[in-house]
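> Starting from the known structure of chain A, fit chain B onto it as the hints suggest.
Just so you know, the protein sequences line up as chains A and B, in that order.
According to our numbering, the stretch in the first sequence is residues 1 to 146, in order.
According to our numbering, the stretch in the second sequence is residues 1 to 131, in order.
By construction, these hints were calculated from the structure, which means they are not laboratory data.
On a predicted model such as this, the values are computed, not experimentally measured, just so you know.
Every clue listed holds true.
Straight-line alpha carbon distances no greater than 25 Å define the calculated DMTMM-like cross-link-like pairs of lysine to aspartate or glutamate that follow:
{"no.": "1", "chain 1": "A", "residue 1": "Lys139", "chain 2": "A", "residue 2": "Asp110"}
{"no.": "2", "chain 1": "B", "residue 1": "Lys122", "chain 2": "A", "residue 2": "Asp87"}
{"no.": "3", "chain 1": "B", "residue 1": "Lys122", "chain 2": "B", "residue 2": "Glu95"}
{"no.": "4", "chain 1": "B", "residue 1": "Lys117", "chain 2": "A", "residue 2": "Asp87"}
{"no.": "5", "chain 1": "B", "residue 1": "Lys125", "chain 2": "A", "residue 2": "Asp87"}
{"no.": "6", "chain 1": "B", "residue 1": "Lys117", "chain 2": "A", "residue 2": "Glu95"}
{"no.": "7", "chain 1": "B", "residue 1": "Lys36", "chain 2": "A", "residue 2": "Asp87"}
{"no.": "8", "chain 1": "B", "residue 1": "Lys36", "chain 2": "A", "residue 2": "Glu95"}
{"no.": "9", "chain 1": "A", "residue 1": "Lys131", "chain 2": "A", "residue 2": "Asp72"}
{"no.": "10", "chain 1": "B", "residue 1": "Lys117", "chain 2": "B", "residue 2": "Asp57"}
{"no.": "11", "chain 1": "A", "residue 1": "Lys131", "chain 2": "B", "residue 2": "Asp77"}
{"no.": "12", "chain 1": "B", "residue 1": "Lys36", "chain 2": "B", "residue 2": "Asp108"}
{"no.": "13", "chain 1": "B", "residue 1": "Lys125", "chain 2": "B", "residue 2": "Glu35"}
{"no.": "14", "chain 1": "B", "residue 1": "Lys125", "chain 2": "B", "residue 2": "Glu39"}
{"no.": "15", "chain 1": "A", "residue 1": "Lys139", "chain 2": "B", "residue 2": "Asp77"}
Chain by chain, the residues run as shown.
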Amino acid sequence: MVFRYLTPRYPVDQLRHDMNRLLNGFFATPGNESAAREGRPAVNGWDRDESLFVELEVPGVTSEQLDISVVDNELSIRLERPDVQQDGVTYHRRERPVGAFTRVLRLPVDVDADQVSANLRDGILTIELPKAESARPRKIEVAKAT
Amino acid sequence: MSNDTATAKPEVGEVGVAERTRCGCEYRPNVDILEKVDELVVVADVPGAAADSIDVDFKEGMLSIHAPVPQPEARNDLLREYGVGDYYRTFRVSEAIDASKISAEYSDGVLTLHLPKVEAAKPRKISVGTK
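Isolated chain A, as found in the complex:
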């Protein structure tokens, strides 16, 4: 969820990925995986027609362990991954992060807070934020001069 590494099974893909990342950074694509390095949950967000979408990877998290709220123009997501430490168990590797994580995102447009919905499937949390009426794209009819 938080830290991810590439598997160099296909060296060519690795190279392509590195090149893409380099170029993306250079050409200033929003975000460059910095959040993942800082230990905050990484977020992808996109804009489609009348809604904004935010997606997070939250493997092993149930809906009770999630707390999502929208206040003014800020979306805050809090999630908790409980420590599953058991007695009589030896850990050989512990890479999966545990604990509570919070992320607050400033939204670029006004959203209709009452209509925000969230969906959890196979460890992926998808939040749909319908844009407020004023922020929706509007088709302007061109009147014909008479």
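Same frame as chain A, but now just chain B:
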């Protein structure tokens, strides 16, 4: 007349990793590996993978996990902090594991593999008798 003169086609050895037909990168899933008295448990985060598409394979002492994750359709990204791609990772498994009894379960993006130890590797308490 038998066909003795014909030489058998040499058997083609195992071809390495199959060539992939789509691009995209592969990620190494985060795992916890924990050892209990009678088994090893591997817990891997593979969010976004569908349960029926996950491939767990044991061959020649290597346990591999391959979890395909579909690429999202083209969209107008506002924020892109993580990449989406398949998960792949392999582990070398010692002979103390009973390969025929390896089992796997999947829920909410977490894959759990149970690797039971062979009988001989399990700890045993030997009672000392008195004469």
